[in-house]
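Protein chains in written order, with the working numbering: chain V, 1 to 432; chain A, 1 to 432; chain S, 1 to 432; chain L, 1 to 432.
Don't read these hints as lab results, they were simulated from the structure.
Only a predicted model underlies this, so the values are computations on that prediction, with no experimental measurement involved.
Built from N, CA and C at the ideal position, the CB exists for glycine as well.
Heads up, some of the hints might be wrong.
To be verified - Covered, in the sense of this in silico footprint (three residues per stretch, anywhere, with C-beta under 8 Å from a C-beta of chain A), are these stretches of chain V: (1) 81-88; (2) 259-270; (3) 322-336.
Protein chains: 4
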Amino acid sequence: MSAASFLRKLIAGGSKGGVDERIELLLSHCNALLAESGEYASMAIAGQALAVYKALDERARQQFFDILARDYSPAPDVVARAAEAYREDPSPERLEALQNEVEPRRQELFRRLNMAAGGTAALVGMRKTLLQGLRAHPQWSVIDADLRHLLRSWFNRGFLRLERIDWRTPALVLEKLIDYEAVHAIRGWWDLRRRLENDRRCFAFFHAQLPDEPIIFIEVALTRGMSAQVQPLLDKGAPVGSPSSADCAMFYSITNCQEGLRGISFGNLLIKQVAEELKREFPHLRRFATLSPIPGFRAWLEKATFNGENAALLARLKDPAWHLGGLPEDLPKLLMRVCAYYLLRAKHGKEPLDPVARFHLGNGAALERLNWMGDTSEQGMARSAGIMANYVYWLAEVEHNHEAYFREHVIAASPAIEKLARECPLPAPAAT
Amino acid sequence: MSAASFLRKLIAGGSKGGVDERIELLLSHCNALLAESGEYASMAIAGQALAVYKALDERARQQFFDILARDYSPAPDVVARAAEAYREDPSPERLEALQNEVEPRRQELFRRLNMAAGGTAALVGMRKTLLQGLRAHPQWSVIDADLRHLLRSWFNRGFLRLERIDWRTPALVLEKLIDYEAVHAIRGWWDLRRRLENDRRCFAFFHAQLPDEPIIFIEVALTRGMSAQVQPLLDKGAPVGSPSSADCAMFYSITNCQEGLRGISFGNLLIKQVAEELKREFPHLRRFATLSPIPGFRAWLEKATFNGENAALLARLKDPAWHLGGLPEDLPKLLMRVCAYYLLRAKHGKEPLDPVARFHLGNGAALERLNWMGDTSEQGMARSAGIMANYVYWLAEVEHNHEAYFREHVIAASPAIEKLARECPLPAPAAT
Amino acid sequence: MSAASFLRKLIAGGSKGGVDERIELLLSHCNALLAESGEYASMAIAGQALAVYKALDERARQQFFDILARDYSPAPDVVARAAEAYREDPSPERLEALQNEVEPRRQELFRRLNMAAGGTAALVGMRKTLLQGLRAHPQWSVIDADLRHLLRSWFNRGFLRLERIDWRTPALVLEKLIDYEAVHAIRGWWDLRRRLENDRRCFAFFHAQLPDEPIIFIEVALTRGMSAQVQPLLDKGAPVGSPSSADCAMFYSITNCQEGLRGISFGNLLIKQVAEELKREFPHLRRFATLSPIPGFRAWLEKATFNGENAALLARLKDPAWHLGGLPEDLPKLLMRVCAYYLLRAKHGKEPLDPVARFHLGNGAALERLNWMGDTSEQGMARSAGIMANYVYWLAEVEHNHEAYFREHVIAASPAIEKLARECPLPAPAAT
Amino acid sequence: MSAASFLRKLIAGGSKGGVDERIELLLSHCNALLAESGEYASMAIAGQALAVYKALDERARQQFFDILARDYSPAPDVVARAAEAYREDPSPERLEALQNEVEPRRQELFRRLNMAAGGTAALVGMRKTLLQGLRAHPQWSVIDADLRHLLRSWFNRGFLRLERIDWRTPALVLEKLIDYEAVHAIRGWWDLRRRLENDRRCFAFFHAQLPDEPIIFIEVALTRGMSAQVQPLLDKGAPVGSPSSADCAMFYSITNCQEGLRGISFGNLLIKQVAEELKREFPHLRRFATLSPIPGFRAWLEKATFNGENAALLARLKDPAWHLGGLPEDLPKLLMRVCAYYLLRAKHGKEPLDPVARFHLGNGAALERLNWMGDTSEQGMARSAGIMANYVYWLAEVEHNHEAYFREHVIAASPAIEKLARECPLPAPAAT
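Excised from the complex, chain V in its bound form (with noise of 0.2 Å):
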């Protein structure tokens, strides 16, 4: 059924929650742009089509996204014929063929709505919009999975920018940095200030079609030793250092910035070239290292099973001031080792059941430390009961590292972690 007829049909029925008006305006130059063979109006079309359906309202994209799915999909017997064909006779005229029909109209039409101005922009934000509904319509899986093909094709590595930020930047940009940061809130544009002091840097990936908008981007510090608490790091009032005098790189933050590319990763590539950058302005620093949060730990920890002392001992932490005050000497040494047990051993699949962990170590870092007390801010305490980890990344094994990781689901850990882990008293998992 044609988006035509669907919608004569929908109109005939007369149903209230029928297409309005708008929706026929948007399809109709949907329709148009599919039609259209000349670029130059096909970027005209193209903006009015985009200017429409930014004026939706949230019921009008529902309905947009349902037609979306269901009327610029590949009809199945038109594909299974040409499969059938490509089967009889392989030449690349049916292969052609072939692609041709199996390719949603959806995709075409996402490819001409790019050219109008702020075309990319308004992908970017259609597709934000469509995850934020997709578990509610299952079926917009097939927009999203367009979406996302397309946007990976363009945001492929070679048309990133990767970009220092520094006090310098237009505050255009820098404020978008206090919206987006999503690890530890950047608390005002004096917060931010300091995070661009001369002892450290922050990077970001830009792309040609958003100016002005960082995609990903991260927070180093530059630091004698390996940092062990974060609350330092975000302290406004903490001396600047010298980068020269510096040996270890720390990456304390890092914010994918654009809902509309979840699941296009940049991430890896970024603190990899960041560390590339920060070795040739830096020569002598010894150690790339992250201080990162452990977001899963208390949620799986309310779910463990502990015998009568342990749980006792974890019992005091239902009290949110348990922390303040005397504990009890044990207190810190089970969690600890729960701590380790639970990045070592809980998964999610074959991998580590914690998030940040997952993207480390994929990476190809290694855990190196756990720190006591390493994040005391309110949301520290609520998810990692304040630890933090460090991961290393050591550039000669960064490779070797990922590979395993993603071969044999091995995990790179210092001794000590892993020594911790097995002085955890739960049970050692069942091997896999």
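Since the structure of chain V is provided, determine the placement of chains A, S and L on it from the hints.
Leaving out everything else, chains A, S and L in the frame of chain V:
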């Protein structure tokens, strides 16, 4: 048959013409690239693969293309099964599975090669090489389809940047204009300099991934009245006019620079964006027109059949110097009529036979005037009997003309040219 | 007495308060710099001298300035001889010899210090320090004359660059606007951001040798009708207007940023160039006007003598909250009249007593309107009794007004203001 | 006599050769400019004055310069009174008064002309014209002194910007290098292109007020070993070397571009900053040397007196083709000795007679080697008998050599050159 087994077979066969070590190395890089899950490692492998590819000689490249065509296409059986499954249950999952099977692995390979530094330029270069051998190796057309598909997406209008070229442009870029100019050869820096004076404009599209490489460029003269001859425009010594007194923008040369982007059309967009740009700078411009060659006229004329008197007149063209010295009064009149006939009636399918006419009429321009002795250069005489055409871009009519051209194959032409064509002694073609 | 002998004497005198080692070092650098014939070596010495100077404490700087004033001035005898020689024979050679003797060695010293990296900024800073101590050390005025002479030449209009400031400007520069703003304090980044929205414009002069340092900046609001109150312009929550519907450009704040450039005037130029710039961007603007404080009004009013009834009314101003709550009907009327009188009749020499009036009237603006409760901020009430003035820059009359002001001390004022001044109960001043 | 009365007199005299209307207009602009108190109005008047000046023909310019020299100089009587007043009371006020009287009004005039758009370039051009006529009009030297004084201040090192010139530089600038090159003429774009290849470097100083105008530029070849001949460096077809294997930076051409800045020296700075820049880019460079002409050698040789045998040998030089075909064995040996003698012993005051030697030795370079047939071009043979010199800039010794040269007139030369000079048959000059 996988690339690896194909290789083994070839090598086992011990054929002297077998796959040599360099191709083996290249294929192993390609396969490693397809297997790699980390973007950072991918960048490095992609760079290595492109370095090996670039070092290949012609014969080795042919072998590589043969293997790409044969072993990186979808397997017909597998595709048919996936299509059947989708017919049985047209779910998102099965659609995605089908799409995955139908997309040649080549496409993903090219996408990943694009991650290397200079990857886009390398792929544009690869397609150039491929196109040069395509006639002799028709099986490569599947590779071309994949490259064209990706390049069309990456060179989407949204990713192009219109830039003015003038005497402030880096020599690096200007030098390329001299090399690339395909319509009226630039005879040296002094010639280029005249073409960039204050009564001229030159614009090009650029792409972020091909820095310093124009994609397409156009040369414009700002004149009083519509130019009828090109030699005055190319005359180094012509006095520099004042743009403020001009009423016409004459597009007298447009050149596609990148062979590897053949078939991905930019000219339509470029002309219209340049017209907009000029209109902004010079609101008093009243006409945007071309001074264009008619490159297919003489070749077509050779094959046309004329009656006695006209045939005798036209026979004079066999003398290369026919236009020097006195001409029979009737010859210009006859040639102008026959040329109008050629442009309006001679067809390639339903479109005009003349490629320049196809381009401008397809863009929505109107054929306005023919100019006797418009181009007296050797090439101009050899191809067009010295005649040049003015196509006019009436901004208000361009879209209407463009649609009428594509839907009904209507050629927009001035009454004067219609009259010339009717007066041509050749018979009107049968109505189609 | 040469610097060296002066030093010896001081040191020999063994006075504890004598020239310390750092000044000795600085002077030896200065003398080496004056003796040096190579530019490259000069750059290095100049850098060293400035480094020593910057490290001096306040007392040492005073000593340095004392020596600069005493020992680097021309010797009266030598000068008189050279002047006499020139009178006898006014030849080029003798003129040049005379000029060489009359120019203090300080000037050449400052010129050479300017060769160091950051030299210009250092000299601007040095003059700032000098001016702070000038009242207490009148002998330094000769140093000031030399610095002012050089800075005026180096900060010649030809060397200034007008730049628009907006939300794309580096934070580094924006931060300085927040620091420097002298008229209506910027209360934070959010306040600055509102002042850079689409219905506002901000421009500054920059100099190539003071990168990232605004020299002077001006803030403009694009409004419908001439603004009468400043608080709405400073209101963060005010809706952003459309510049295309504005007919007035209101200059509501102008700030000189560099203390060290005091007395080198840029404001006249800035206002007029900004007016030109705005006229280009918004040809429909019909009026360029200020919304200005009247900073000297209350201070002058304190000293003025009024008769019984008026004196009683004005006595209410002693209550800091006089304007809150009900006001006697006659008070506003009286204050407006007195204020008009102040602006038109109160003099400083032959010019208006009010410094802001002197600036705008001297620029050729006309005093157009007084606004009751134009600035209700604490400062606005304290200085101007809340009244603000609109000065209008009629582009066609600016030069004529400027000339009339400087030649005949004529104040261009609207009839309404003339009338207010005539109605003031104070006696008209005697004609001069 | 004031300019106005001078004018009246001239005009009243009715002399045909009198001041014409254009000069009257120009002078009235100049006087208005000096009288103007507003910067904005000054800019406009300055622009008008310069426009009138530029339109003057040569004779009118001479008249203008005559008036500038005569009527804009300080009045001897007034100056003497001010000097006397200062002798009586050397107060700051009287010093300032004296300075005001001694400074010619021309200087302030030039300062104000500099406010016009393009003012600096116009003043540089004015001085160029002035210098061309200075020998015939010695009275203009007072104007030159004022212009030189101001230009020296404005072209202070602090205001110059070192920029690399390469094939990315705008054609607009490259074209000027072709025009200006004064040492080894650039024969066209292809020649320039070779000089900008990867084994070469080119740097220039620019000034913000002369955009696109190089002030001075230098060409460098990166070579293995010190170059002895210039023709290989100028050979278009010479293979491009790898800068990473070079150990020498050969400065083979340095050109001052602005006649109007004659006598304001930039070469010393440029060479040393370029050496620093190169040292940074190529830390393995071991030697910074020139390959220099000896422009005064042949002219001096003509006048030198030799004894019989040597005279006979040297007489061969009268044949322009003397160096082609076989040479008497003793001639090269003799010429090299005489050339060394010329460089070390022939004097202009206390400095070397050869201007290139004066420049490099004054900069602190050492004369290292003479090269037989170093420049076989027509000019090279005519000026230097084909011999070229290598001056070496040993960074560690440059300052010491520079001081020894200026204080004691010591020429730093290699033992080999000292020996050649001693072997010269000419008598050693009397010790000074």
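| task | Quick one: which hint numbers does this structure break? Sort them smallest to largest. | result | 3
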